[in-house]
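Chemist: Residues per chain are reported as follows:
There are 2 protein chains.
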Amino acid sequence: MRTAAIENLLPAYKWMREYRFQDFPGDLTAGIITAILLVPQAMAYSILAGLPPEVGLYASIAPPILYALFGSSRALAVGPVAVASLMVASALGTIAVPKSPDYIASALILAVLTGIFLIFMGVAKLGFLANFLSHPVMSGFTSAAAIVIAFSQLNHLLGLNIPRGSRIDEAVLYVFSHPGDANLTTVTVSAAGLILLLFLRWYLNPLLDRFGLHSGVGNALVKAGPMFVVILMTFLSAKMLWNETAGLVVVGDIPAGLPPLTIPAFDVGVWTHLSASAALIALVSFVESVAIARVLASRRRQKIDVNQELVGLGVANIGAAFTGGSPVCGGFSRSVVNFSAGANTQLAAIFTAILIALSVLFFTPLFYYLPQAVLAAIIIIAVLGLVDLKALRVNWLYSKSDAAAWIVTFAVVMVEGIELGIVAGILVSIVLFLWRSSQPHIAVVGRVGGSEHFRNVKRHKVQTCPHVLAIRVDESLFFANTRSFENYVLSAVVDQPEVKHVVFICSAINAIDGSALESLEQLVSDLRSASVTFHLAEVKGPVMDRLEKTDFLEHLKPGNVFLSTHDAFVALDCT
Amino acid sequence: MRTAAIENLLPAYKWMREYRFQDFPGDLTAGIITAILLVPQAMAYSILAGLPPEVGLYASIAPPILYALFGSSRALAVGPVAVASLMVASALGTIAVPKSPDYIASALILAVLTGIFLIFMGVAKLGFLANFLSHPVMSGFTSAAAIVIAFSQLNHLLGLNIPRGSRIDEAVLYVFSHPGDANLTTVTVSAAGLILLLFLRWYLNPLLDRFGLHSGVGNALVKAGPMFVVILMTFLSAKMLWNETAGLVVVGDIPAGLPPLTIPAFDVGVWTHLSASAALIALVSFVESVAIARVLASRRRQKIDVNQELVGLGVANIGAAFTGGSPVCGGFSRSVVNFSAGANTQLAAIFTAILIALSVLFFTPLFYYLPQAVLAAIIIIAVLGLVDLKALRVNWLYSKSDAAAWIVTFAVVMVEGIELGIVAGILVSIVLFLWRSSQPHIAVVGRVGGSEHFRNVKRHKVQTCPHVLAIRVDESLFFANTRSFENYVLSAVVDQPEVKHVVFICSAINAIDGSALESLEQLVSDLRSASVTFHLAEVKGPVMDRLEKTDFLEHLKPGNVFLSTHDAFVALDCT
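Those sequence lines, one after another, are chains A and S.
Here the first sequence is numbered in this note's numbering, starting from 242 and rising by one per residue.
Here the second sequence is numbered in this note's numbering, starting from 242 and rising by one per residue.
If you're looking for bench data, these hints aren't it; they were derived computationally from the structure.
On a predicted model such as this, the values are computed, not experimentally measured, just so you know.
Hints may contain errors.
Identical copies go unnamed one by one, so any copy, or any two together, can satisfy a pair.
What the hints assert, rightly or not - Taking lysine-lysine pairs in the DSBU-like style, the calculated list, with each CA pair at most 30 Å apart, reads:
| id | residue 1 | residue 2 |
| --- | --- | --- |
| 1 | K544 | K798 |
| 2 | K781 | K798 |
| 3 | K255 | K480 |
| 4 | K255 | K741 |
| 5 | K631 | K781 |
| 6 | K641 | K480 |
Could you build all of it, start to finish, from the sequences and the hints given here?
Modeler: Right under this line is the structure:
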């Protein structure tokens with residue numbers, strides 16, 4: 242009992258208590274490999290968010306440790322990710338200049354707000370809201386965001402100065418209208434970086450296989466690819482002093498030392514202004530993280546707890562805000578790396594955080610000559626895999642309304658920006674959903690042969706009587722579909738003037754809400770004034786219990802409640 | 242075929258073509274009685290909307306005639322109504338001074354916008370959106386609106402000058418802090434009016450019954466009550482010249498003559514500003530009108546067509562905008578009066594409109610001395626019946642979430658105003674709805690005795706096998722509930738490590754949308770990596786047809802699709 246109470250507060254207590262020594266090597270290896278992947282990614286995504294590179298590193302220290310303590314997934318690797326970084330840039334772009342103190346301070350506020358939203362959703366059990374960020378919306382959103390992110394790297398890749406906030410078409414136009422402005426060294430470094438990264442990703446593994454290297458080692462080497470490219474290009478850039486001789490932009494000074502203690506400034510205006518953005522970041526972070534966590538947990542028959550995930554991610558974000566970091570969430574590629582490198586528990590994440598803390602303490606001078614073009618190349622390779630046109634194709638073939646949600650989300654992100662895009666996607670999903678929900682499946686049924694089975698008159702050869710109309714609704718009745726049902730019944734009664742009895746077959750009705758109950762009462766009266774009696778049949782136990790609490794059954798008279806449709810047909814002289 | 246085409250464009254063609262001479266007396270009587278009820282109501286609601294009284298009369302001429310031609314209900318009486326008038330006052334209150342030319346011009350714009358929204362909803366078949374204005378929300382909304390309306394009449398009832406835009410508490414405070422300001426004559430006239438109206442409503446019918454008067458005649462006399470009070474009090478007021486001697490506010494000059502042709506001014510700013518209000522007025526008008534039309538139609542086994550109703554109401558509102566009127570919709574009391582007085586077709590409404598046109602042409606001078614206090618009393622008596630605490634009580638007993646929607650709507654209307662109130666109500670409904678939709682009813686089933694029947698393990702004594710988990714979902718799978726289903730299955734598999742096969746019983750699944758399909762694919766992979774095979778059973782024909790279009794069944798292997806749960810249990814060695 243006490244253990245359960247502690248686990249409720251601190252889910253990590255469970256894996257700590259159950260920790261087995263044989264889990265240790267896996268956790269250590271995974272921690273190291275993930276750190277090697279994370280260092281360049283953290284800096285790259287930080288620059289993408291318009292922040293100095295150290296902010297991303299800070300966000301990779303305290304937040305994953307806090308997530309390790311409060312989250313429910315054993316393999317999720319938390320830190321800065323591409324899409325959330327783009328959302329940060331989009332949220333802060335209008336209120337301050339990137340990398341300025343104001344901008345950095347606002348990023349802290351965004352992180353604390355994101356954390357508050359996540360924890361609130363967790364405590365209020367609002368995790369279900371994430372259901373309405375449907376697959377097609379998330380897919381259209383990340384696909385478009387990936388393209389926006391890729392184009393946002395044109396400046397770094399080509400050494401240009403495309404004005405901040407340019408749309409993709411404006412950026413492309415700028416590139417073509419300033420052909421001479423590109424920096425040749427930068428373009429060369431970018432091209433070399435991209436080619437190397439692609440080579441490592443596509444060809445290294447088969448190559449190593451051919452040389453008979455164990456594929457686990459091969460995988461680890463592939464995942465370390467970005468770090469390898471970073472080291473190689475930084476070495477070259479430092480050796481040749483390209484930043485001085487050839488105008489290559491390098492990362493420059495990164496302050497050494499552990500993350501500072503930062504307190505997000507409280508300013509009602511800024512908090513209000515950023516709250517909508519923070520809510521969207523929270524929603525997207527949550528959906529992404531849970532999707533990853535669930536996939537990884539199921540592979541080992543482990544569970545995740547959605548509301549605990551919200552709390553874990555929320556605490557991680559608040560931790561980020563107080564240690565100079567930007568909003569964080571679970572990253573797909575790094576979680577998979579962590580998992581496949583053998584992470585058994587969140588101890589792996591703690592090792593990663595320690596390694597990143599050590600880098601920040603001792604190794605930041607080594608990154609001085611790291612070309613930003615290389616980070617841009619890493620970002621581009623990382624996000625290209627997010628463009629998911631297959632989902633569009635599959636949805637198009639299978640469900641046009643899902644494809645519509647994908648297209649709307651994608652198009653609005655491209656044209657109006659990512660925040661409006663996700664809002665548009667959610668709205669389209671909800672409207673389509675409301676539309677579908679308002680159309681319950683309704684069937685008129687008749688008797689099959691001489692049996693006691695009753696089936697849809699449209700699909701089966703059945704016997705019916707002109708004075709009895711038996712209607713089955715294949716969904717619970719509630720306010721969204723009750724008017725359709727009313728309309729259907731009234732309209733059917735008008736079309737068949739000889740009908741004297743309507744039998745409403747409730748075999749598929751799991752619940753009747755207050756609106757639907759009122760509608761039913763109205764329907765009973767309306768039918769009575771048209772000399773038609775309304776009956777119920779096959780009412781489920783729990784539904785009947787609730788109906789008995791009201792005066793509906795009184796009101797139904799002379800209509801009856803029949804145990805079965807067969808009983809109803811017999812009683813109404815339809816045999 | 243030609244007839245059908247004409248009827249599509251002009252639904253009135255149907256009743257005109259089928260018109261029988263025996264319908265005429267009923268239509269004529271109903272037309273006259275409704276006109277007698279409508280004249281004072283139209284003026285009163287117009288004043289409530291902050292408009293001069295003639296605007297309400299104008300809105301009772303062209304709009305009902307247009308509705309008669311384009312609407313689908315045979316008994317709906319269209320014109321200015323109390324709640325919509327309050328919404329007009331609330332929408333225009335911030336942009337102009339009541340009764341000023343700007344205010345009247347804005348009312349025309351509001352009417353034309355309301356009409357455009359209604360027609361748009363009709364043409365785009367968006368009538369289903371009205372489902373989300375659920376019963377409890379409408380009930381809470383009209384109850385609160387009725388109370389707001391009643392208190393808004395304090396000025397007219399007491400002859401005070403409570404500042405415009407005061408909240409109810411401020412108005413009450415004003416009354417008590419200005420005890421000497423009330424005008425004694427006004428208070429007397431109000432009290433007399435209220436008492437007379439209540440007497441006529443409650444006691445006239447039983448009294449007439451006792452004198453053996455036919456109850457139809459009695460009903461007609463009761464309905465003419467407001468007109469009788471108007472005539473009596475206007476006569477007294479004119480005779481005594483109370484407006485000059487005792488400071489009683491009277492209606493004053495009403496311009497004689499038919500409605501002017503007015504063209505709503507087009508101003509992007511004003512149109513944009515008013516569009517949200519117009520959308521809400523359109524939604525409320527539509528829901529109210531359809532509810533009334535449906536009740537009346539069902540009593541005579543007639544149909545209404547929801548989308549045609551939208552068009553009819555929309556054309557009526559646009560007609561109002563071009564003939565100097567304010568937004569209109571179907572009024573409950575006057576439609577019931579029209580119906581019970583014998584209206585068979587919309588010819589009754591045309592008679593009403595003609596009579597009102599005649600009043601405007603010839604009788605407006607007679608209304609000069611009509612005390613506004615009498616109109617205020619008429620409003621109060623009319624709206625008191627809208628306060629529906631019974632609905633709150635019933636919902637509270639039956640469904641707490643419906644009661645919550647009622648309370649939220651009511652409270653927000655009272656505290657923040659009617660527009661925010663209805664928006665809050667809709668949001669609460671949708672969130673509750675989303676929440677419910679995201680929790681499908683899921684049952685684990687087992688075999689009943691030695692039979693081929695399978696039932697919920699929680700409710701029946703059934704046989705199961707440890708290595709087979711058979712799960713039935715009692716709703717179609719779509720993006721809102723698919724994650725719950727995934728969670729349920731994954732969690733069940735973790736809790737029962739001996740499970741090797743999951744059988745998903747699709748007997749209640751009418752559709753699987755794109756998101757759910759993706760989820761299922763993911764689930765199949767997740768389970769496979771946990772060495773569990775996923776099978777389907779009892780897949781309905783249409784669902785199977787669509788699945789066969791995708792590569793899902795390929796992906797499912799080695800999982801099978803079984804015809805019945807029994808087949809699945811046999812094949813999986815669970816007998």
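Chemist: All the hints need checking, so say for each whether the structure fits it.
Modeler: Checked hints:
no. : hint        : verdict
1   : K544 / K798 : between (51 Å within a copy, 25 Å between copies)
2   : K781 / K798 : within (19 Å within a copy, 36 Å between copies)
3   : K255 / K480 : neither (50 Å within a copy, 90 Å between copies)
4   : K255 / K741 : between (65 Å within a copy, 26 Å between copies)
5   : K631 / K781 : between (43 Å within a copy, 27 Å between copies)
6   : K641 / K480 : neither (56 Å within a copy, 72 Å between copies)
Checked against the numbered hints given earlier, the structure breaks hints 3 and 6 and satisfies all the rest.
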